[in-house]
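**Student:** So the protein lines, in turn, are chains A and B. Residues are numbered in this note's numbering as their position in the first sequence, beginning at 1, plus a constant of 831. Residues are numbered in this note's numbering as their position in the second sequence, beginning at 1, plus a constant of 9.
Warning: the hint list may mix true and false statements.
If you want a taste of the chain B side facing chain A, the calculated C-beta under 10 Å gives, among others [said to hold, decoys possible]: (1) L61; (2) T72; (3) Y99; (4) G130; (5) V131; (6) A133; (7) V165; (8) K306; (9) V308.
Everything labelled a hint here was simulated from the structure, so no lab data went into it. Keep in mind the model is a prediction, meaning the values are calculated, not measured. Glycine is no exception: its CB is placed at the ideal position from the N, C-alpha and C atoms.
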Amino acid sequence: MGALSYCRNDFRANRLTAATETRPKGAGRGARWWQRKPTRLDSTYFVVGQSKATPYLFSLPSIILVSAVLGFPVLYGVWQSLFRRETLAAPLEYIGFQNYADMFSSDAFWHSLNRTAVFVFGSLILGTVLGLFFAFALFRVVGRLRFLRALTVAPYIISNVAAAVMFRILFNSQFGMLNQVIEFFGVDGPSWLADPGLAMVVVIFTQVWTDLPLTILLLLGGLMTVDKSYLDASLVDGATGWKRARHVTIPLLAPQILISTVWLSYSTLTGLGVVLALTGGGPLKATQTMAMEMYTVAFRNLEFNQALAIATFILVLNAVLTVGYVAIGRRYEYEQ
Amino acid sequence: MTDHTGEPPFSRTVADAARAVAGRAPESPRSPADRARRIGRKILLAVPLLALVIWTLAPFLVTISVSLKERAEVFAEPGLIPSSPSFEAYGEVLSSNSFTSSLMNSLIVGIGTTVLTIVIGVPAAYAFARFNFRGRHLLLLFTLLPRLVPSLGLMVPIYRLAIALGALDNRLTLIVVYTGMLLPLAVWLMVGFFQQIPREIEEAANVDGANLWGRLRYIVAPLAAPAMITIGVLAFREAWNEFTLVLVLTSSPGNRTLPFELYLMQGIEGIANFPGEAAFTLLTVLPFVLVYTRVEKYVVAGLISGSGK
Chain A
832 MGALSYCRND FRANRLTAAT ETRPKGAGRG ARWWQRKPTR LDSTYFVVGQ
882 SKATPYLFSL PSIILVSAVL GFPVLYGVWQ SLFRRETLAA PLEYIGFQNY
932 ADMFSSDAFW HSLNRTAVFV FGSLILGTVL GLFFAFALFR VVGRLRFLRA
982 LTVAPYIISN VAAAVMFRIL FNSQFGMLNQ VIEFFGVDGP SWLADPGLAM
1032 VVVIFTQVWT DLPLTILLLL GGLMTVDKSY LDASLVDGAT GWKRARHVTI
1082 PLLAPQILIS TVWLSYSTLT GLGVVLALTG GGPLKATQTM AMEMYTVAFR
1132 NLEFNQALAI ATFILVLNAV LTVGYVAIGR RYEYEQ
Chain B
10 MTDHTGEPPF SRTVADAARA VAGRAPESPR SPADRARRIG RKILLAVPLL
60 ALVIWTLAPF LVTISVSLKE RAEVFAEPGL IPSSPSFEAY GEVLSSNSFT
110 SSLMNSLIVG IGTTVLTIVI GVPAAYAFAR FNFRGRHLLL LFTLLPRLVP
160 SLGLMVPIYR LAIALGALDN RLTLIVVYTG MLLPLAVWLM VGFFQQIPRE
210 IEEAANVDGA NLWGRLRYIV APLAAPAMIT IGVLAFREAW NEFTLVLVLT
260 SSPGNRTLPF ELYLMQGIEG IANFPGEAAF TLLTVLPFVL VYTRVEKYVV
310 AGLISGSGK
């Protein structure tokens, strides 16, 4: 029954393309399906039994949805950053780049840029070092210990809020596991989340914890594709252990390190969930990153157009940083 | 993918050759020195792995520990293993209205996003992979967009647009937004997968009289099932975990998802209810962990291919 119904459809679809296709003899409209010869198959347009509209019908819904959810709002946001409402009830008026001028002249913005720099580069360094360390460790893992690779991904399936709750418990000054370990050595543990200097450390650790699975998997994937002959050659030359990692393996991993750097930087620069759920920008605005600043300006001060200027700045900064990483990364790649 | 069983044989011969060049005798595999070195290497390997396990599991363990205590006990007995474990906090959370309704919402939004992503994404990926048509170059844009457009950049515009469209505080809005955010990744993954399915199979089916629908239904879909599971899981994860957009797009208690409710829980309790928060967190995590353990390899595959290219 199934086969018959295809052929009916096939026949109908062929009729749709009748004007554009030259059909072999016997494929005519009147031929029954068992009499018809198969249409000539073309390598790029081989799919017979379809109309020219098929690919458009197939891809259009997703193109429309992505444009509506990702494309249009961003353009709309950039456009709206050129407007302002004096009060919530007042009409929108075009003010050119005044929102950007206000942004660059506000202390809060420069403070948040400073905090963002600490957050992004702190996370980058911690994430890359830990990622390499764990990737090298996992690379050697075989047999029964394979489940460790699966375990590594666990933080990835947790929401930012859940991670924030967990780290608040872990870093709690009174009963947190970390301070108990510190007190075991006879030193009083600090109150991590109340101290402006240390709160950023907790935020960085939490962010890196949620982002590390991807970094590890990327680097692990890179390690697996490294050409063994390079490593063997380096062994002949007497390079072992740290030396080999430093001068041979890590340079060979440059492409993967570059990708993970771009990704970590993107994730921290635009990451709001962890900061918002863990500290909310406090204490004393010590963790007020640009993402937090944008959220505060928009949803606490209700200055949406001003917030859009900050959001646009973050998008541009992200693009600039990405280009920068790629330019730096190019220099360290081996010339093949 | 090949296994890496420590030092492969080739490297072993190379190592011996290196020793020979250095004027030392090749080591017999059973010599005491070799055994000592092997044990030493095992220990050297175990330390970083132990660090990895502690790094990954410590936050979970302390949370489980706190969730099994009573409120006062958290401060009085800070040890990792509770002396008298109680499931009171779990009962409290499970019977609370905020948990049950947000769990329901998370399930609805999660399943809706998963279904919509597959229904819209798979045909698009098939078109991009198999057809030569005007607009194929949009595929590149598809892959670039999520890199350029973080959800942070969407918060304010989507919030304003949702107000304008009267779509605020609506589960359907969340489903549509999450699907739009996931589609580029989903399409990208599926295109790669479809391109791996040999054309010859479809050509053969075509010769046998299968039309486009028949090929999709009986040949492409079964072959692409692993990729569909991957994007399904990724879509569900996005909807289940997403926090910042649901925070601004939703207001009434009836429409909040789990992360939003968990976030509010931290603020509402006057004196922090640590066991309650911990239990809520673990109950949020649990359903996805159950799903995850079944489809782990797909998630990992999706993770790698989604970020790398």
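**Student:** Next, verify each hint and record whether it holds.
**Tutor:** Going through the hints against the structure:
no. : hint : verdict
1   : L61  : holds (5 Å)
2   : T72  : holds (5 Å)
3   : Y99  : violated (15 Å)
4   : G130 : holds (6 Å)
5   : V131 : holds (9 Å)
6   : A133 : holds (4 Å)
7   : V165 : holds (5 Å)
8   : K306 : holds (8 Å)
9   : V308 : holds (6 Å)
The structure is inconsistent with hint 3 alone, although it conforms to all the rest.
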